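Student: Since the structure of chain A is provided, determine the placement of chain B on it from the hints.
Chains A and B, in that order, give the protein sequences. What the first sequence shows, in the numbering used here, is residues 31 to 445, in sequence order. What the second sequence shows, in the numbering used here, is residues 31 to 445, in sequence order.
By construction, these hints were calculated from the structure, which means they are not laboratory data. Be a bit skeptical, because a hint or two may be false.
Stated by the list, open to error - Heads up, simulated DSS-like pairs for lysine-lysine below, C-alpha to C-alpha not over 30 Å straight-line:
no., chain 1, residue 1, chain 2, residue 2
1, B, K235, A, K248
2, B, K175, A, K235
3, B, K150, A, K195
4, B, K228, A, K248
5, A, K235, B, K248
6, B, K161, A, K175
7, B, K150, A, K235
8, B, K36, A, K235
9, A, K53, B, K235
10, B, K150, A, K248
11, B, K248, A, K248
12, B, K150, A, K175
13, A, K150, B, K248
To be verified - Covered by chain B, per the in silico footprint, the following chain A stretches (three or more residues, Cβ under 8 Å):
no., segment
14, 158 to 171
15, 219 to 227
16, 326 to 340
17, 381 to 387
Note that the structure is a prediction, hence the values are computed from the model and not measured. All residues carry an ideal CB built from backbone N, CA and C; glycine is no exception.
These are the residues of each chain, in order.
There are 2 protein chains.
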Amino acid sequence: MIDIEKANETAVTRMMEARPILKDVAAARDVIPGMRDILLLHAGPPITWERASGPMRGAIIGGLIFEGLAKDEKEAIGMVAAGEIDLEPCHEHESVGPMAGVTTASMKVYVLENVTHGNKAYSNLNEGYGKVLRYGAYSEEVIAKLRWMNDVMAPILADALAQSKDGLDIRALLAESLHMGDEGHNRNKAGSILFTTKLAPLIAKATNNRFVASTILKFLGDNALSVLNPVMAACKAMADAGHGVEGSTVMSIMARNGTDLGIRVSGLGDRWFTGPVGTPDGLYFSGFTAADASGDIGDSTITETAGIGAFAMASAPAIVTFVSGTPELAINTTMSMYEITTAEHKAFTIPALGFRGTPVGVDIRKVVELGVRPQINTGIAHKDAGVGQVGAGLVLPPMNVFEDALVAYAEKYLS
Amino acid sequence: MIDIEKANETAVTRMMEARPILKDVAAARDVIPGMRDILLLHAGPPITWERASGPMRGAIIGGLIFEGLAKDEKEAIGMVAAGEIDLEPCHEHESVGPMAGVTTASMKVYVLENVTHGNKAYSNLNEGYGKVLRYGAYSEEVIAKLRWMNDVMAPILADALAQSKDGLDIRALLAESLHMGDEGHNRNKAGSILFTTKLAPLIAKATNNRFVASTILKFLGDNALSVLNPVMAACKAMADAGHGVEGSTVMSIMARNGTDLGIRVSGLGDRWFTGPVGTPDGLYFSGFTAADASGDIGDSTITETAGIGAFAMASAPAIVTFVSGTPELAINTTMSMYEITTAEHKAFTIPALGFRGTPVGVDIRKVVELGVRPQINTGIAHKDAGVGQVGAGLVLPPMNVFEDALVAYAEKYLS
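One chain only, chain A, in its complex shape (with noise of 0.2 Å):
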């Protein structure tokens, strides 16, 4: 007899004590388990080329160039669709990446390490606004800031990180930054200057050249979304050291690859439960309406399986500027997550509400007996390859990936 609660509180209790920890940044290929030069790892489930969406298909153009595999979009498209390049979930990987999420083996990745239990995660590095690979955009300018991004500031963050001695905990950042009105997702605006101010006086030792410390704390501290890879990353370590618990129903994935919707349940090994993805409903930067939008694509929803992003919206009312509504929304997000998860976070509070923890572990009985989907707080995309962010708003996942995982549910432990 499967005791589901005792299954969930496990799995729940070891999210909420692993401490995800920023060791190092180093290439793919030396650290991420299984990585190799043809592989291009990706957001979100399976996905084969004939069925990505646009900005997925700009990104795996771009990041076959960047890699130097092809030389130029037509290329890159062919070897692509004579099979010669592996497509794989970033999540099967033991890593992360925002939006497309594409990884090659020569990108520099955080790596973080979760000392409580002892796995690991790993995400590429943000470049920040405008023209950006992981909105696939793929142009000159987006692969020389990746080169540069690779070759000039990855090394100097590595080092910079060697200084610190017990690297940068990250949960303890992510619990800072929700009292200062980050969500953890969609708002790092204080999330990213804590990770900037702590990294400044390692930065200015780690190079001799003070122009070059120069720029990188400019690049790092302009840009609000610095973190966001970080905290993915730590999220992803969390999250799974909540799976593969036998018997819990909580949800330790879910993924969008601009097509799908996948997600995993702790308790139900390696199977995606996938679905189609929605169209975010948020507000647009100016010039760019709904039907630019591409639908939902990015890893960054480990936040919410993790118990901050829109989870954690009550921390953040200054985010309703950004992705629509008012702070009482922000406020009733919170408390309706309360309902189909399983526990109320140690490390994660909110101050406004009285300090209580983040609503974590969703339950994916609790999403289908009450009809309440977890709630996804994101960045949209636009539909074609390259022009990137067109907005913020509010998405939900599929019903059918929860309904779908518990009939596998019952079919392993009841049947």
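Tutor: Below, chain B without anything else, positioned relative to chain A:
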């Protein structure tokens, strides 16, 4: 016939439209009007050595030693007692200083200019935690740290600001930090890292000694009060812009010297209205109790005067872990300040209150009529010189200062 409402609207509009920019760091004697070698500026209304509190006495002694005017405590006390040193309020020299607020001629100060109206304001540099002059400490380590700040850090800050063509807009920084859980007086966590992050690329470039750059970045980034002094000077520049409006009953200064609290009123010229300071009610650091507390001290109540600090407490629910109370208290404090103020701030808004402007411009008529005094959030100093901060809490000004000011107003305008 005086139109008081119109006068108050003029005063508070000037306060809100003032835009204080941090432009330079320079020696007090070179920039502060009326500064001279034997002059020592202090917080609050005028005070004599005989009536000065423990922390104020300690800071005066330390200031004279730092300045090289006295070689030790005994000589310093002798000089002051013999009348060889002039003691004058910071506020009478376009300046402000936290806690004892002691500023001497050689000390480097932040230079702010209100670019809307042209007036300037000054504040000394923040020393961080532990044994510090502003709490009345004057041991060798205190003086050594002040010398490092003055001789090493200050010139690099001046260089950094000189590189920044337009200076640093402290009103904009404050507006942002109020959306990040600060209230700007006792909680400046977000503001201080915004400050550090904005200066970091400039500091890195301002010295070819990367170890010095690193030390300065760590000093600023680790001190959650780094930005308090520029914020106070910004509030002084804003409040001064609203001072001197004929017929206005808006409070334009509120400040404490540890013995007396004094206010000035926009329409009542340079007259101080003073009364005995209260003792803050709050939370004490481990090992200290209310019996250790000094009377309320410091110019930092210029923040409440300008519409932030306790007036913006609804923005900073996490502050209650520091000053005591609940998140509801934080909301209620702001709400009650709307009852005694003239306007809702155009630049400073509170997300949790639906982006309502902070209450700004205390109307002494309303204070007396309603019996509601301006709330103050404050650090608590030990009553003895040099022990330092022992806690933080809430305190109120004595009611008589508002009553006395109202009587003076009636005599001047209504008789």
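Student: With reference to the structure, classify each hint as holding or not holding.
Tutor: Consistency of the hints with the structure:
Proposed proximity of K235/B and K248/A is supported: the alpha carbons are some 11 Å apart, at most 30 Å. Only pairs whose Cα atoms come within 30 Å are accepted, and K175/B paired with K235/A is accepted, the gap being roughly 22 Å. This hinted pair does not check out: K150/B and K195/A have alpha carbons roughly 44 Å apart, beyond 30 Å. The hinted pair formed by K228/B and K248/A meets the criterion: a straight-line CA distance of about 8 Å does not exceed 30 Å.
For the given pair, K235/A sits about 11 Å from K248/B by alpha-carbon distance, which is consistent with the 30 Å threshold. This hinted pair does not check out: K161/B and K175/A have alpha carbons roughly 46 Å apart, beyond 30 Å. The hinted pair formed by K150/B and K235/A fails the criterion: a straight-line CA distance of about 36 Å is larger than 30 Å. With a CA separation close to 56 Å, the supplied pair K36/B and K235/A exceeds the 30 Å bound.
Between K53/A and K235/B, the direct Cα distance comes to roughly 27 Å. Compliance with the 30 Å bound is thereby established for this hinted pair. For the proposed pair K150/B and K248/A, the alpha carbon gap of about 29 Å is at most 30 Å, so the pair holds. Of the supplied pair hints, the one linking K248/B and K248/A holds, its CA atoms being roughly 16 Å apart against a limit of 30 Å. For the given pair, K150/B sits about 42 Å from K175/A by alpha-carbon distance, which is inconsistent with the 30 Å threshold.
Simply put, K150/A and K248/B have alpha-carbon atoms about 29 Å apart, close enough for the 30 Å limit, and the pair holds. With a threshold of 8 Å between beta carbons, the proposed coverage of the segment 158 to 171 of chain A by chain B is violated, since 0 of its residues qualify and at least three are required. Proximity of the segment 219 to 227 of chain A to chain B, defined as three or more residues with a beta carbon under 8 Å from a beta carbon of that chain, is established by the 6 residues found. Restraint check on the segment 326 to 340 of chain A versus chain B: 0 residues with Cβ-Cβ distances below 8 Å, three needed, restraint violated.
Only when three residues or more bring their CB closer than 8 Å to a CB of chain B does the claim for the segment 381 to 387 of chain A stand; here the count is 5, and the claim holds.
Hint check: violations occur at hints 3, 6, 7, 8, 12, 14, 16; the rest are consistent with the structure.
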